[in-house]
Amino acid sequence: MWALRACAAVTVATTAGIIASLAGETVAFFREVSPWKFFTGTTWAPTFEAAGDRFGALPLLTGTLMVALIGIVVAVPVGLAIAVYLSEYARPRARRVLKPILEILAGIPTVVLGFFALNFVTGVVLKAVIPGVETFNVLSAGLVVGIMLVPTVASLSEDAMRAVPQDLREAGYGIGASRREVATKVVLPAATSGITAAVILALARAIGETMIVTIAAGNQPLLSFNPLHAAQTMTAYIVAVSLGDTPAGSVVYRTIFALGSTLFVITLGLNVMTYRVARRLKERGR
Amino acid sequence: MLRRIAFVAALAVVAAGSVACGGSGSGGNGLTGTILADGSSTVFLIAEAFAEEFKREHPGVDITVGESGTGGGFKKFCNGETDISDASRPISDEEKAACKAKGIEFVDLEIARDGLSVVVNNDNTWAKCLTVSELKKIWEPNSKITNWKQIRSAFPDQKLKLYGPGTASGTFDYFTKAIVGVEKSSRTDYSASEDDNVLVTGVAGDKGSLGYFGYAYFSENRDKLNIVGVDSGSGCVTPSDATVRDGTYSPLSRPLFIYVKKSSIARPEVKAFVEFALNSVNGLLPDIGYTALSEAQIVAQRAKFEKAA
Chain A
1 MWALRACAAV TVATTAGIIA SLAGETVAFF REVSPWKFFT GTTWAPTFEA
51 AGDRFGALPL LTGTLMVALI GIVVAVPVGL AIAVYLSEYA RPRARRVLKP
101 ILEILAGIPT VVLGFFALNF VTGVVLKAVI PGVETFNVLS AGLVVGIMLV
151 PTVASLSEDA MRAVPQDLRE AGYGIGASRR EVATKVVLPA ATSGITAAVI
201 LALARAIGET MIVTIAAGNQ PLLSFNPLHA AQTMTAYIVA VSLGDTPAGS
251 VVYRTIFALG STLFVITLGL NVMTYRVARR LKERGR
Chain B
1 MLRRIAFVAA LAVVAAGSVA CGGSGSGGNG LTGTILADGS STVFLIAEAF
51 AEEFKREHPG VDITVGESGT GGGFKKFCNG ETDISDASRP ISDEEKAACK
101 AKGIEFVDLE IARDGLSVVV NNDNTWAKCL TVSELKKIWE PNSKITNWKQ
151 IRSAFPDQKL KLYGPGTASG TFDYFTKAIV GVEKSSRTDY SASEDDNVLV
201 TGVAGDKGSL GYFGYAYFSE NRDKLNIVGV DSGSGCVTPS DATVRDGTYS
251 PLSRPLFIYV KKSSIARPEV KAFVEFALNS VNGLLPDIGY TALSEAQIVA
301 QRAKFEKAA
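As they're listed, the protein sequences go chains A and B.
Under the numbering used here, the first residue of the first sequence is numbered 1, with each subsequent residue one higher.
Under the numbering used here, the first residue of the second sequence is numbered 1, with each subsequent residue one higher.
FYI, nobody ran anything at the bench for these hints, they're computed from the structure.
Glycine included, C-beta positions come from ideal geometry on N, C-alpha and C.
Hints should not be assumed to be uniformly reliable.
Said to hold, decoys possible - These stretches of chain A come out as covered by chain B in the derived footprint (C-beta under 8 Å, 3 or more residues):
id : segment
1  : 35-47
2  : 184-191
Said to hold, decoys possible - What follows is a list of derived Cβ distance ranges for each label pair:
id : chain 1 : residue 1 : chain 2 : residue 2 : range
3  : B       : Thr64     : A       : Gly132    : 38 to 46 Å
4  : B       : Ser263    : A       : Ala128    : 25 to 33 Å
5  : B       : Lys177    : A       : Pro109    : 52 to 60 Å
6  : A       : Pro35     : B       : Val182    : 25 to 33 Å
7  : B       : Lys262    : A       : Gly249    : 41 to 49 Å
Said to hold, decoys possible - Some chain A residues near chain B, calculated using beta-carbon distances under 8 Å:
id : residue
8  : Gly218
9  : Asn219
10 : Gln220
11 : Leu222
12 : Ala230
13 : Pro247
14 : Val251
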């Protein structure tokens, strides 16, 4: 019992430590660079000391959002389709085979997925289909982030659908609904909260994803909405700068923390949303 | 089943390999210790070759070679974290001051020359040669050039995609100084990486791309890249051993260095490693792709090291 409590305390202490270490450097950063310029500036070039206004994080924000949106556009339909199939259509034997396969997909290291995005998705597929695509591009990274998220969406949505009481399905069949009608008009609406929570969680993971975008998206902070071009996400920038030479205490070093805080606030917000939606689900279930 | 057999076979090979390594490990002549080197990704290729060859003779010595860029390397070096710093430009006054503040004395040894190379995709049939002023127009800060047509009207209407090293790189410092005129002065909207292999992948993948890095990375990837000659007023010159050694490949011929911390030379493994490096460098360079110094120049570097040691 005490041991368990201590383990729980470790996670709380870790979170508190992360917040503390982020906060100090972030405050120091915003003393040197105005938050207004940081969130609205369109030129991100902190390491080029000769450039003028070089702390505009907008290109990184749009890069992150583009990757996350493409990922969600891929993951939600595919994940939901799998969830509906597993929960409403699949025989127990098929489930026993499919579920572990999904979990294997969830276990592929993201660095492997990154090279899959660069060498296969861009190199083999996109280059053949879209002539103007660049070697490093947002689309391939987004698509593969989507593939990475499919198990999350599928598994959580399936749980939500299976939690829908059997009575509701039987009532549906009782009034003559087909299997598809029961799945789409009864089970899906009843599981909306759980599915929403799954999607928000997936979005949070997409925003925080690092390795795939570092390898495949090109590390070029351009303010552009063209997914065929290179871009840089907040996470990929943090990797790029942490690998090079950034003397502790410099402004460039502090950009890492400012971006880390931004990421932290975004994902924290999304997690709070997930938590609320999930709680509503429980209340409705009663 | 076949796959399982292949897997077991692979395991067996790995096991056999490690046994073999263990066997040779017990040979050696007793030198032990750890040598830490970091710095230029251009010089990395040479330093890595030194490390591999040296370890063959002295398996007891662990050598770690990083590639965080010349600037990144000097920051660690002057912070006392490394024994050797690889550099593709001389140490700056600022870096010297940082070293001095920490009481770190060093000896600088030139080990090779490099023709910093401007490369394009191998489908690029038009850019055989660019003048220094054209390169400047492309790379200077706030450059608005995004299409090959803007560089020279005879060039085709093809989107220009730029790849180059990041700001921690000595190659970046050298190129900006030689081409733009002011060190570290560059446009910022290009794909940057400290890892030259990422740049190679980028230039090899996009038809309209242009990038720059050390000659060895071109030499390794001749099948994927075309080299661009540079014209600094007296005609077009492409980098080669001859043009780099006599400096006619101008202004992008540059010396490559290793900086050795004086207090580390007292350690026998570091002294042996640097001596080994200076003795073997000219034999290793042809495989790597950089230009060797003349025998007299190498002898001078050896003398310089002996004096420091």
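Structure-based check of all given hints:
1. 35-47: holds (count 3)
2. 184-191: Check failed, 0 qualifying residues.
3. Thr64(B) with Gly132(A): 38 to 46 Å: holds, 42 Å
4. Ser263(B) with Ala128(A): 25 to 33 Å: Violated: the Cβ-Cβ distance is about 57 Å, outside 25 to 33 Å.
5. Lys177(B) with Pro109(A): 52 to 60 Å: Violated, at about 41 Å.
6. Pro35(A) with Val182(B): 25 to 33 Å: Taking Cβ atoms as reference, proline 35(A) and valine 182(B) lie about 31 Å apart, which means the hint holds.
7. Lys262(B) with Gly249(A): 41 to 49 Å: Cβ of lysine 262(B) to Cβ of glycine 249(A): about 27 Å, so the range 41 to 49 Å is violated.
8. Gly218: For glycine 218(A), the interface hint holds, since the closest Cβ of chain B sits about 5 Å away, which is under 8 Å.
9. Asn219: OK, holds: asparagine 219(A) within 8 Å of chain B, min 6 Å.
10. Gln220: Glutamine 220(A) check passes; min Cβ-Cβ to chain B is 4 Å, inside 8 Å.
11. Leu222: holds, 6 Å
12. Ala230: holds, 6 Å
13. Pro247: holds, 6 Å
14. Val251: violated, 13 Å
Violated hints for the displayed structure, listed by number in ascending order: 2, 4, 5, 7 and 14.
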